[in-house]
Amino acid sequence: MHNFKYYRFTNDDEKPDDSTDLSKQLYKVTGHHSNDYIKPVVNPDGDLCTILSDESEFKGNYGVCLVMIPFLDINFLNGLEKKLEDLVLQFGIEKIHFTDIYGSKQLKNRRDEFIIGYTEIVNQIPKAALFIGKSREELLIELNEGEMSNEEIYFTLFWNNFERVITIPNTQNNIYHISFEQEYSLDGKIKNVADITFRKLYSGIEQLYEKFPDKYISICKHPHFHSKAALLYSSLADLAAYIPNKIQQKIDSGVPKPKIIKIYKSELNLIKTVFQNYSGIGSKELIEIINES
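Numbering of the sequence shown is given in this note's numbering, commencing with residue 1367 and proceeding in unit increments.
Treat the hints as calculated values from the structure; they're not laboratory data.
There may be inaccurate statements among the hints.
Said to hold, decoys possible - Each computed EDC-like pair below joins lysine to aspartate or glutamate, with the alpha-carbon atoms no more than 16 Å apart: (1) Lys-1616 / Glu-1572; (2) Lys-1616 / Glu-1447; (3) Lys-1594 / Glu-1447; (4) Lys-1448 / Glu-1486; (5) Lys-1587 / Glu-1447; (6) Lys-1425 / Asp-1618; (7) Lys-1594 / Glu-1547.
Please put together the full structure from these sequences, using the hints given.
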């Protein structure tokens, strides 16, 4: 189980597969039938999207990102993975984790070369990124809560972010597959992990539909995951979670804009280069800093 890169937990609710023509066509593309989604897919006109999510904590700032990409054909996905695997092998690293990329002595003299190779690979697909980052204190005041666990904070930030996704114009009938960064060890009680995951996902979806009753979107009911060994999904989600959270913490701490741009110019340029749309990344101040870097 240590070798899992992309995987999912299947909700075996014993409902028969939808046998409509639309469902059969959907299955050919995604491996899921129409009733494998909440709400069931009933209209073929919506976009088919994968949303990658990761979490970040930096000096008391908590952040959650969503990276929106088209649903990828498995052969194309594997091709990009192979290119990234060759890249990390070339540079003598195992994973693409940007805390390490920007802190590793091993890459210090070759970091720019690595970044060029990385962006050439990942920019073969269009991407949009959204990010919300807040301190615990800010969230407690905003939600009028006395205390929140880290899990509750990340849950709240994730679904607040997802609300922003579905309020984008022309999202009616869109179909979403959500892939989370692997949170739990798979070496033991997988059933317990699956039960927790289903409860978290379904409770969030239920709240979403209650808040937006007129919005018809379909979210896959089988939670998808990627481990850090899944270089494409993991690196994109890490990039959209780690760097915006780090920069937002500097903004909130009162570090002047010119100083942030000077110190973090490479990281800011990477965000701008990789994500064709980063208008949903964090605060107005953060987007201005990215634009000006």
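Consistency of the hints with the structure:
{"no.": "1", "hint": "Lys-1616 / Glu-1572", "result": "violated (35 Å)"}
{"no.": "2", "hint": "Lys-1616 / Glu-1447", "result": "violated (33 Å)"}
{"no.": "3", "hint": "Lys-1594 / Glu-1447", "result": "holds (12 Å)"}
{"no.": "4", "hint": "Lys-1448 / Glu-1486", "result": "holds (14 Å)"}
{"no.": "5", "hint": "Lys-1587 / Glu-1447", "result": "violated (25 Å)"}
{"no.": "6", "hint": "Lys-1425 / Asp-1618", "result": "holds (11 Å)"}
{"no.": "7", "hint": "Lys-1594 / Glu-1547", "result": "holds (8 Å)"}
In this structure, the hints that do not hold are numbers 1, 2 and 5, in rising order.
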